[in-house]
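Construct the complete structure from the given sequences, taking the supplied hints into account.
Quick note, the sequences are listed as chains H and D, same order.
For the record, in the first sequence the residue sitting at position 67 is 67 according to the working numbering, with numbers rising by one throughout.
For the record, in the second sequence the residue sitting at position 22 is 22 according to the working numbering, with numbers rising by one throughout.
By construction, these hints were calculated from the structure, which means they are not laboratory data.
Among the hints, erroneous ones may be present.
[As the list claims (entries may be wrong)] Derived DEER-like restraints, expressed as beta-carbon distance ranges:
#, chain 1, residue 1, chain 2, residue 2, range
1, H, K3, D, P95, 26 to 32 Å
2, D, S84, H, S51, 48 to 54 Å
3, H, G40, D, G16, 25 to 31 Å
4, D, Q22, H, A78, 40 to 46 Å
C-beta: ideal position from N, C-alpha, C; glycine also.
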Amino acid sequence: ELKVEQNPLFLSMQEGKNYTIYCNYSTTSDRLYWYRQDPGKSLESLFVLLSNGAVKQEGRLMASLDTKARLSTLHITAAVHDLSATYFCAVDPESTSGTYKYIFGTGTRLKVLA
Amino acid sequence: NAGVTQTPKFRILKIGQSMTLQCTQDMNHNYMYWYRQDPGMGLKLIYYSVGAGITDKGEVPNGYNVSRSTTEDFPLRLELAAPSQTSVYFCASSPGLAGVSEQYFGPGTRLTVT
Chain H
1 ELKVEQNPLF LSMQEGKNYT IYCNYSTTSD RLYWYRQDPG KSLESLFVLL
51 SNGAVKQEGR LMASLDTKAR LSTLHITAAV HDLSATYFCA VDPESTSGTY
101 KYIFGTGTRL KVLA
Chain D
1 NAGVTQTPKF RILKIGQSMT LQCTQDMNHN YMYWYRQDPG MGLKLIYYSV
51 GAGITDKGEV PNGYNVSRST TEDFPLRLEL AAPSQTSVYF CASSPGLAGV
101 SEQYFGPGTR LTVT
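Right, here's the structure in full:
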């Protein structure tokens, strides 16, 4: 069974600190997506990683993909309160078949404390 | 562009009732998806469609039906609602272009079955 696991599941951190969220998946995939969800809201796309070694940065967030290790990381630099949200990774294991079906991770609920 | 729209935003159903969740996208995307998100969990794929007239099951299709008569619309039908179907339902669409399978999500429908 395909699994997409994130850790930690919950993260409480102080403003100004750095931290990394990990996303491990159990099948071959060269595509991985990161989404943000605010409480009671929909999902907003953050990053699209399409190949091994891909790295993307937006503000205080940086995402990377290692397809050989089946691992993606979302690194937070100098956290601010506005980054408080739940972060999901999603894997597209059938990218070659063209169905573009995602398998979502369990989510990491981030709370940044002032 | 409105993007992906869903109606209703909230609904309470009694056990055994039926209803249709509406989803419309105005981005001319071929691919559309229905997910459910249980409290504190990730998203699970219910059904998806790769184009008008073509639908297929996802991870958790039992108790649901879909149709796709136009590119824009992808309604989800619940027959004989059960408490286990209490969840938030998200519709998403994707252009399905090679190398660009990013999904765009609607605002969600919060459904309670009592």
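Hint check for D/P95 and H/K3 - Cβ pair distance inside 26 to 32 Å: holds, 28 Å
Beta-carbon spacing of D/S84 to H/S51 - inside the hinted bounds 48 to 54 Å or not: violated, 39 Å
Consistency of beta-carbon spacing, H/A78 to D/Q22, with hint 40 to 46 Å: 42 Å Cβ-Cβ, so the 40 to 46 Å window holds.
Outcome of range test on Cβ distance (H/G40, D/G16; 25 to 31 Å): holds, 28 Å
Of the numbered hints stated above, the single one contradicted by the structure is hint 2.
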